[in-house]
Amino acid sequence: MRPQHWLYTIPLRLRSLFRRRRVEQELNEELQFHLEQKIEQGIANGLSPKEARYAAMRAMDGLEQRKQEMREVQRIHWLTDFVDDVHYAIRSLRRTSGLAAFVVVTLALGIGMTAAPFSMVDALILRPRPVPHPSNVVTLVSTTHDSSFDGFSYREYLDIRGKTKSYDGVIASGDLGAVGFSAEPGATPRIKGGMLVSGNYFHVLGVEPQLGRGFRQNEDEVPGRDAVVVLGPDFWKHEFASDPGVVGRTIRLNGTDFTVIGVAPETFTGMRIWWHPDFYMPLAMAQMFSTNPQKSFLEDRDDRELNVQARLKRSATLQQARSELAVLANDFEREYPKFNRSRGAAVRTDFEMRTRGDDGNWKFIVVFVILSLAVLLVACTNVAGLLLSRARTRMREIALRLALGAGRFRLIRLLLTESLILSCLGGLGGIAVGYGAIKFLGTFSIPSELPVTIPFRLDTRVLMASLALSVLSAFLCGLAPALQGIRVDLVNGLKSADADVPGRKRLWGRNVLVVAQVSTSLMLLTASFLMARGFQHNLLEGIGFAKDHLLMASFDPRLVQYNEAQTEQFYKLLAERVRVTPGVQSAALMQNPPLALEAFEGVAFVPDGFQMPRDRENFYATMDLIDEGYFGTMGIPILRGRAILASDTAEAPRVAVVNEQFAKHYWPDSDALGKRIRLYNRAGTPVEIVGVAQTIKYRTPGERPMDFLYMPLAQHPVARMVLLMRSTGDPLQLVKPVKDIVRTLDPNMPMLRTRTYEDLYRYNAVEGPRIAIEMVGTMGAVGLLLAIAGLYGLVAYNVSRRTREIGIRMALGAASSDVLRLVMGKGLVLVGMGTVIGLAMGFAVEQLMNSMLFNAGGVDVLAYIIVVPSLFLVTMLAAYVPARRASRIVPTQALRYE
Amino acid sequence: MSKPPDLVQGTLDLLLLKILALQPMNGWAISLRLKQLSGDVLQVSDGSLYPALHKLEQEGWITAEWKQTENNRRAKFYSLNRLGRQHLEKETANWSRLSTAISHVVRLEEA
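Sequences listed follow chains A and B, in order. To convert, count from 1 in the first sequence and add 1; that's our numbering. Residue 49 in our numbering sits at position 62 of the second sequence, with consecutive numbering throughout.
Just chain A, with the same shape it has in the complex (with noise of 0.2 Å):
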């Protein structure tokens, strides 16, 4: 219909549904109208008064149907009559309210549960990125052998921009990790987050500044000579108390003023899942804030630090974009072999960014959002019984409204609004148990120095998902005993109270429903059970060094503007003066310590001597730097050779120790003592291997051994160190003789992350697991509730249906242990296929789990022996119960029943 159209119709269709009344009443009077036209045309056409009444009449051809007619061509009528039967089915619900209440309670359990991983799923992989049209911006990766999601170094991202054609425009930007803010020039500086962005970042993502500006092109142009800034919504509301007058003021961020230009819009909370910059600064301003001195970050081309995005043309499509960047990768690799060899470049969307396979977290989501979507289907079988046998209770009333007329359809569409209403009820229910999840999510917290943005919350995406999962669960409950219901056969039905017909078919739609849930539970709890004991598996297996009486600190002599030669002494004085603190046994300086939150760096190398892949330059390793008292205060053997000294100075040659694993890795065959690796390439620097450590635990407690290598500090410096301390008591004693320690070095000197390194293990190998397992078994527990439930309901409706028939069996001289055996038979022999299909998925999740979560492989046979019969003997239980009753029948009483 053209919309021309809609200004006619659209009036008409409103009036006929807000003006019922008046219309039908329109409708009479109009009628009324022809027909005493006609009988006054009779009349005078010599016709009697009660003669022209019925020639009119006639000439009708039955008026009520005609007025039905009309009814219906103002099409209003299938609400009207979804109105009648919203109003019908909230008075048959009402008087069965308990029913009613339990099955509520029921999908609002089973919608709940999915409420929290779907705002995980959202979080992680749905929700579009907070910029006008998202789903243009595209990520481009650099990509080698080792990894498919690289950054670009600063020269290459000018060259990009420059190069292609596919593009609004291109962007970069690169995480400030650690930054310190003073909002005064002479206050202590604080820790921030902020990001290094182009200067065409707002403009190109479309984010327009809610006070100020953006970047001028021109700002990011000449290195260090444009020192503005533009905060982030929730930093400047923190921060600056919303002040609108902030824009022009000036703030000091490691030690070098800043011009506030503008503040970022309210609904810009940045590009990132986890974390909300709190600044934007222009990536000219890079050098003061560069991690490694020996780095020119906005010359070195292999300086890969940047994150680079682009927004795609209307015009261009991703397969162009894809070309484009393809054959530039190519010139790269032929302008710069250096650099660039065997190094490819590709298009990502944000969709194949945010399921990369090297993050763990959106495969757990998953696992996670199928299990829940399982107890949402126990909750609905579990309903759709109820149900069942509640339209076998109705099929009088059925019968008798087919008898006078009603149409099946309508029937089922009145069934199904009774259904759809217990499953909006559920589905409020439901939000109101997400919501409680999603606040149990939001307060795991997480101990970075930065603070880390939880991104679960119930925001109308996830409401809409609870609804139109409601609305779906409200076709799955109730559409089979709809259907059920209208088969009744009208003869009997309207016999009989009890109208059953004979035959096993009416059952069997009950039964799959309770072999279904059955299964379903054993796989939930088989996958908790597995779950628990996988990540238990991880921490069994141990991290490899003792992670007791150990103090860490971190330093980062940049907030307080040291240069290279004054760092290198405040670390000096730092590890002699606490070397020799009563209680400290030892201390070391690192990188970064195992199974923390930051990523290790890694380092491209060359094995001396090993026969290179034709299509290779070089290899990647992680690695650490470390300082002479590493090995022996983390407590990891020295297997052979020796540990990093204090005499591998910087004039020293150049020396590593490698762990087991990657000594095994390139030298298979012989020792790896006294081997060299070269940095970077070929012609890199040679390093002499004097030491293979024995392999732990890196990045996470269930990760696989990995390759790593360990360099001195001294031959590497690096301005942001860890200072790990080993204690003979208590290890938070050291706190204060530490803290007066550096503050008579620098009483300027920030002290960041001060804790135990247990405290920072608890969060981090152990903490994360606890709730993930915690809400499995929750799903699993919740699951196997509504599958006993559901049993026990079953049960106990054959018992009070067969209670005639089982009172005759008694009568004529069953004994009750007969009867029992009569009813537990059914019940056992359900239960028997739920657990050997239940089996089979369990197989089937474990499966999952495995190729996702952990690394263990094979099948885990005690979980299976633990959840199998403890199902077996609760589900029997919740059958033994009714049958119990009905072998206590009294013969008397059960046949006069009726």
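Don't read these hints as lab results, they were simulated from the structure. Even for Gly, the Cβ is constructed at its ideal location relative to N, Cα and C. Treat the hints with care, since some could be wrong.
Residues from chain B that face chain A, not an exhaustive set, calculated with beta carbons under 10 Å [claimed, not checked]:
#1 Tyr37
#2 Lys42
#3 Glu46
Following the hints, put chain B in place on chain A, whose structure we already have.
Coordinates of chain B only, in the frame set by chain A:
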């Protein structure tokens, strides 16, 4: 039976639109005019007239209005609106094309 079987589907709509194109009318007057115009060839019962009128109204081709009749009684008057006029033109063109074609075919068979 709401429509005589020989009244081709859609023809009643066309007739009603055509009648209303001349002047606004109430249902009763339309029924008289139908009889008068088509003689006894096209039998349109009173019963099928009103649903058809309401359908046209809901489709947006004709607009209804309550007005006084000549002898001062309230009645619902229907009139053709702009969209209805366009629709009528289109339908009329369709109709003549169709009837020409059909009579052509019929004559062919006779020859």
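Hints, one by one, checked against the model:
| no. | hint | result |
| --- | --- | --- |
| 1 | Tyr37 | 6 Å, holds |
| 2 | Lys42 | 4 Å, holds |
| 3 | Glu46 | 7 Å, holds |
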